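K.L.:
Below are the chains, spelled out letter by letter.
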Amino acid sequence: MLIFAIAIALIVVLLLLEMPIAFAFGIGALVFGIGTGSNISFLIPYAYQTTTSFALLALPLFVLAGTIMAEGGISNRLLDFVNAFVGRIKGGLGAVTIVTCALFGAISGSSSAAIAAIGQIMIPRMVKEGYPVGHATALVACSSVLALMIPPSIPMIVFAVTGGLSVGAAFLSTVIPGIMLALLYIILNFVFLRNNDEIQVEPKLPMAEVRVKIFRSGKEAFWALLMPLIILGTIYGGIATPTEAAAIALVYAAVVGFFIYRGLTPASFWKGTIQAAITTGSIITVLFFLFMMSRSMVLQQVPGQIADLLLNLSENKILLLLLINLVLLLMGMIVDDISGSVLAAVVLLPVVTELGVHPIHFAAIVGTNLGLGNVSPPCAPMLYMAAGVSKITLDRYIGITLKFLCLGHLPMVLLVTFLPELSLFLPKMLMGIQ
Amino acid sequence: MERESKQHPRDPVERGASFIYDPEVTVAEPPEHVTAVPEWDVSGGYAAFLKIEKLYAKLLAHGLALFSICLAVLMFAQVVLRYGLNSPFVGIEEMALLFGAWIYFPAMAYVSRQGEHIHGGILTLVVSSPKIVQTVRLIMTLLSIVACAVFGYFAIKYAFFEIEKGRLSSYLRWPKGIWSFSLVIGFAGTLLALLMQAANQFIDIRMMQSKGAEQC
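Chains as they are written, first to last, in this note's numbering: chain B, 32 to 465; chain F, 288 to 503.
Derived by calculation from the structure, the hints in this document are not laboratory data. A quick note: this is a predicted structure, and the numbers were derived from the prediction, not measured. Each statement offered as a hint is correct.
Not everything, but these chain B residues come out facing chain F in the computed CB check (under 8 Å): (1) 53; (2) 79; (3) 83; (4) 95; (5) 282; (6) 312; (7) 315; (8) 317; (9) 367.
Computed cross-link-like contacts, DSSO-like style, restricted to lysine-lysine with a CA-CA straight-line distance of at most 27 Å: (10) 345/F to 302/B; (11) 422/B to 418/F; (12) 338/F to 302/B.
Pulled a few chain F residues facing chain B out of the computed Cβ check, cut under 10 Å: (13) 354; (14) 361; (15) 395; (16) 406; (17) 473; (18) 481.
Even glycine gets a Cβ: it sits at the ideal position worked out from N, Cα and C.
Chain B with its partners taken away, still in its complex shape:
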């Protein structure tokens, strides 16, 4: 256990010093392996076989489908559609950003893609209409995390594959929390802006004109909005596995991009495919090294020892769940969502199972917590990425970000933790999970 603690401390230091996450875990696995005297050559076959499992093939396919759809020009169509509903309300543009990020997540499954696609358009637009730039930045960063909660979510695929759970059920576990979080952010956005007189609002239109606008933008966005329905419909209709659903989504995205939206050209398709391979490669590298680290931990029975340690701390389930939330939050602050998912599945899943928490409920706890970690400093990749778009310094957006997190995301984490039905209702109803 001491060697494990040293290895983890070393990993944390290396991560804080900007070492690529994959190699930091590689060094950790090396130190842990040598320290415990285990044969590290056994780690490679395990990592290789787990990485090249059939279920994980959903990852490159979903990443590619999202990239192709984005290249095809969905962002503006989605924005116009949502804007047609709430564009004329004070703070409506903020609500548009939140809902579009959630919808974009349902198509691409990636929060960084959501920031790149939505943030680039919405931050300047919000600032132009009088939103404080810090507010716009924080809103995009916090909303981007919704992409991790609305299926198809890449961290949920990874968590399910590592924990030996149903990918479909893991996808469903974060749907209700994701929608609730989006609503919470919309409310907070309106509350925070209620006294801001700088914000300009589009002039009110007669109802008939609004209806025409909604119909027109809805017609444009229809094909993009159909994609999540196809993915979820094929998975939960029992038609296809998540990997096959990803292939269907990809073919659909290509057809829509080439022939309906016509935003896709052979050159942009090829470029998007290379970009998707880069994204896949960066995720797989992290997974490969993490699988080695997790295997060496399992061989040394570390998860069992951690479970014993935590269970000996207290018999109070609420206290232990709060502690696990804290561990997940810290994990999310230091590592990315993919690494966090693997670590949670390996280290914490045995603990929560002992506590009587349903693994699919735990998937939702992990998804919600890691999302929070992704926008919580010091290592808040999504927050810094959004700030990169708006080009402002930390002091101008940190306060409002913390307000969104403390009043929005944190209460959601607690709700998900202590109300299991929020995450289990859909898996039970649609997949018969007991």
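Given the coordinates of chain B, assemble chain F onto it according to the supplied hints.
P.N.:
Below, chain F without anything else, positioned relative to chain B:
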């Protein structure tokens, strides 16, 4: 190496604001990440080597795109066969995994070359000296090389073990070495990229030193 200086007031992003004066950027601008491909002009043998490396990277990138498309086509064909024609062909899943492996590991090499690995950290938030930042980054790259070399050695050993054993896949009866050889390409390419990155970081630090000496 000529880099565009960011030490100037930036364009206004707020209504009514003239320019945003950003003290953080003005006092200490974090240095750009140096990757396997130098951003400065090189000459001689290194330039020739970079030309060859560029060809290899192009081949890698296009190979990745091709394998990704092959994977998508295969999986879609499987969907059609299974649900449309009710005659699934399990060999397709094996072939899909083959393409998967040939995307994952060569992509690892390409990602290393492009410097696109996922990383976090607070280095540039707490250290203001560009030279120290770059030195720490060089140390991190050297440690990455150690991790990659050790596990790369075992990965390549494992791949060759599979090849020498002549194991065959369950359905297609193809040599399993075709799958595991992707590990060799992945780790060798990653190691090459990291070595190039370390060399470039070292050169960058040296250039910072000479630039500092000139200013003195």
